[in-house]
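Student: Okay, here's what each chain looks like letter by letter:
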Amino acid sequence: MTARRVVMALAAPVSAFAFSVLISSAVLVAVGTNPIDAWAEMLSFGMRLETLVETSNRATPLYLAGIAVAIGFRMNLFNIGVEGQYTIAALLAASAGAAMTLPAPLHILVIIIVAMLVGSLFSGVAGYLKVTRGVHEVISTIMLNAIAWAMVGYLMRTWLADPNDTTLNLKTREIAESGRFPNLNGLLQTFTRDIKGGRELGGFIIVAAVVGIVFHLYLTRTRSGYDLRITGLNPFAAEASGVDPKATVIRAMLLSGAVAGLIGLPEILGDDFKYDLSFTKGLGFAGIAVALIGRNHPAGIAVGALLFGWLDSAAPILDVRGDAPREIVSILQGVVVLSAVVAYEVVSRVRQAQEARDTAIATAVPQPAGDDRADAGVDQ
Amino acid sequence: MNPVPLKESRALRWMIAILGLVLVLSVTQELARPETTDLISAGTAGSTLRRAVPILLAGLGGIWAERAGVVNIGLEGMMILGTWFGAWGALEFGPWWGIAIGIAGGAAGGLLHAVATVGFGVDHIISGVAINILAPGITRFLSREIFATRTGGGITQSPRVESVGHVDFPFLSGGEVFGWASPDIFGWIADRGWFLVSDLFAVASGITSNVSWATLLALALVPGTVYILWRTPFGLRVRSCGEHPVAADSLGVNVYRMKYAAVIISGGMAGFGGAFIAIEQTGIYREAQTQGRGFIGLATVIFGNWQPLGALLGSLLFGFADALQLRDRTAVHALLLLTGVAVAAIALRSLRRRQPVGGAVLLAIAALMLWWYSVTESVMSELPPVTPHIATLLVLVFATSRLRMPAADGMRYRKGQE
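Line by line, the protein sequences are chains X and D. Mapping to the working numbering: the first sequence position 147 is 147, numbers consecutive. Mapping to the working numbering: the second sequence position 414 is 414, numbers consecutive.
What the hints contain is simulated information worked out from the structure, not anything from laboratory work. Only a predicted model underlies this, so the values are computations on that prediction, with no experimental measurement involved. Hints may be right or wrong, so weigh each one.
[Claimed, not checked] Some but not every residue of chain D turned toward chain X, in silico, with C-beta under 8 Å:
| no. | residue |
| --- | --- |
| 1 | LEU21 |
| 2 | VAL24 |
| 3 | PHE120 |
| 4 | VAL129 |
| 5 | ILE133 |
| 6 | ARG140 |
| 7 | PHE141 |
| 8 | PHE295 |
| 9 | ILE302 |
| 10 | HIS389 |
Just so it is clear, CB atoms sit at the ideal spot from N, CA and C, and this is done for glycine as well.
Only chain X is shown next, with the shape it has when bound in the complex (with noise of 0.2 Å):
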C-alpha cells in the first residue's frame, strides 16, 4: 500500500520532467542540433561546484517565491501578486537597511521584518478585498502587481533614490557593512575544494530553510496551520466545523506576503547591498511554477526550486560551446510546469478511482451485484 502510494506520488513528476524532455529534444532535432550533446554537455558543466553553487543561490529566492504562492495554494487562495509583493518589499527594505546603523545581527534582523512586513501589507490588501467586497483575489493582485510597480518606479525615481549618484543607473543607497548577510564559502571549502571564479554560496539559504521546515511545522503541527488545510480541502466542512472563513483567508494572505517579502532579500542582504534598477523580476511567476511542480509541499518546491536553479545555472554552457540555444531551457520549463499540472490531475483521477474500487470492494456485500457495482464506480 505504501509502496503503491511512493510510485503514485512519483509517477506525476517524473513522467512530466520525461515528457518535458522529450519534447525539448524533438525542438532541437526540429533546428538541427543533436540533443543527447546538448543535454549531456549540461549534465557535465552542471556537476561542477561553481554550477552548483550558483544552482543554490538560484534555488533560493526560487524556494521562497514558491513556499509564499504555496501558502495560498493550499487553501486554494491564489496569490498571483507575489512578483509585486517581494519587489517593493526589497525596495523599502534595502532602503530602510541603508537608512540605519546596528549591530550586525540586529540589522540584518530589522531588514527581513521590514520586508516581511511590507510584503504582508500588500498582500493583505488582497485579502481584506477578498473578505469585505468578495474581490476575486486573483484579479485584485494581478492589478495590485502593477500598482506596486509603478509605486516602485516612482520611489526610486524621488524619495528613495541614492542622492549622491552620478550614474544613470537609479539605485538605493548602500546597507552598511552590518547589515549584510554572510557567505557561507568557509562551510563548504572545508568539505570540498577552493571556490573558483569569485563565486560565493548565499547564506540566505538558511533562512530559506527554515521557512520551509517552518511552513510544513505550521502545517502540519499546529491548528491554524490545520484550518488553513482543510479549509483548502473542504471549505463548508470547515466552516461547519468553526473554522472563520474570512480570518483564515486574511492569514493566508498575510503570511504568504511575509514570505513574499523574503524573496529579494538573498539578493539585497547577499550580492547587491541595494536596490537597483537591475534587480532581478519574475522570481513571483517562477515562485507560481515552482509551487505547482513541488505540489505546494516544501520538499516538493525544494526539488522543484533546485530544479529550476541548476537548469538556469547550466544553461549558459550551451551558448559556450554552440551545442544548442540556451533558450532551449526556458521551453523546457514551461512545459515541464504544464505536464506537471497535467500529470498529478490524471494521476490523482486514477488515485481517486483506485480508492473508490478498494473501498467498494471492502464494503461489498459478497454477492456478485456487489463487483457491478464496484465497477460502475470506476467507470466514471
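Assemble the complex: chain X is given as a structure, and chain D must be docked to it using the hints.
Tutor: Then chain D, alone, in the frame of chain X:
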C-alpha cells in the same frame, strides 16, 4: 435578465453618454487650455482607438472563454504568442498573413489551455499561469532560432515588418474614391473652433481618418461576437456551458466541444491582439511588448460585466489613458482635472439619489483631485499607465453587486458528474 444589446432605448442612452463624455472633455479642455490642447483632439482620438484595439481583442477573448465557463488567465501568454507569430508571418508572407498566423499562434495557446482545463480538468488559473510561463519561453527560443540570424533582428526582437495599410473614410475624412479626393467634412468642422461641435467632429475625424484595416476588423468583432454569442444556436450552446453545463449536457449539447471551440476562439482573439501590437502599433516584434495588456483585457471583461460592448468601453477608457500619456505628458496633468470633474458629477448624482454618505465621500475625493491639480505642475509619470488597474480595483470594490459573471465560470466540468 437577458442582455439584448442595441435596443433602441439603449442606442439612445449610448449616444447621450458619448455626448456627455465629449461635453465633459470639452469643458475640461477649455479650463486647461494654455497647458494642453491634446485632451480632446483628432490625434488623441485616433491614438486612443489604436491603443484600445489590443486591449479590446484580449477582452473579447476573455468574454468568449468565460462565457463558456473557462477562466482564461493565459490571455497574456496567448497574446505573446500572437506578437511573435504575427511578426514572423508578416515578415515571411506579408502583413495580412501575419495577422492570420498571429491569430493561429494565439489559438494554439487557446487549444493548449482547452486541452489542460477541459480535457484534463486542470484548474483554470493554474493552467493559465502555466501558459503565461510557457509562452515567453517559446517566443524567446523561436526568436533566437529565426530572428537572430536576420539583419535587424535579434534574440529579443524581429526585423521591422510592414503594416496592413490605412484608410481615410471617403466624404467623412477626405478619403479617396477611385482616385478622387473626397471632401474632408469632419476635419473641416473640427477646424471651425465651435465649442463642443468642433470637438465632437474632431473625435469623429480622428477615428475615421488613417484607420488601419486591422482596426476595422477588430471593431467588427464586437458586433460579431454579440451576434454569434446571443443570436445563434452555437452561441446559445456556448453560453449554456458557462451557465449550467450539466443542464446543457442533458439537452444534448456537447459541452466539451463547445468549451474547446470557445477557448480556441478566445486564444485566437488574444493572438490577433498580439499580432496587432507587433504589426500595426510598433511595426516590430519586441520581447515583452504586450506589457500585461492581456491582463488589462481580462480587467475589461469584468469592467464590462462580461459584455462585448462593455469590454469595448473599458478598452477605450484604458486606451485613452495610454494615448494621452504617450502623446502629451502635460495632458496627463489635465487628466486630474478631468477626473475631478467626473467624480464631482458622480457625487452630485449620488446626492440627488439621496445617498448622502457616498455623495459626500465622492465630493471629498473630487475636491482632493482638483486641489491636487491646482497645486502641482505635473503628475508623476508612473501614474497614467496604472490607471486601468486602479480603475478596475475600484470597480470591483464599489460595483461588485452590479456585476454578474457566468454562473459556472471557472468551475471544473466532468461529463456525468454534478
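Student: The structure should be examined with respect to each hint, and the outcome stated for every one.
Tutor: For each hint, the structure was consulted:
1. LEU21: Where the cut-off is 8 Å and the nearest Cβ of chain X is about 24 Å from D:LEU21, the hint is violated.
2. VAL24: 25 Å, violated
3. PHE120: Cβ of D:PHE120 sits 5 Å from chain X, so the hint holds.
4. VAL129: 5 Å, holds
5. ILE133: This interface hint holds because 5 Å falls under the 8 Å limit.
6. ARG140: This interface hint holds because 5 Å falls under the 8 Å limit.
7. PHE141: 4 Å, holds
8. PHE295: Constraint on D:PHE295 satisfied, holds at 5 Å.
9. ILE302: 6 Å, holds
10. HIS389: It holds, given that the least Cβ distance between D:HIS389 and chain X is near 4 Å, below 8 Å.
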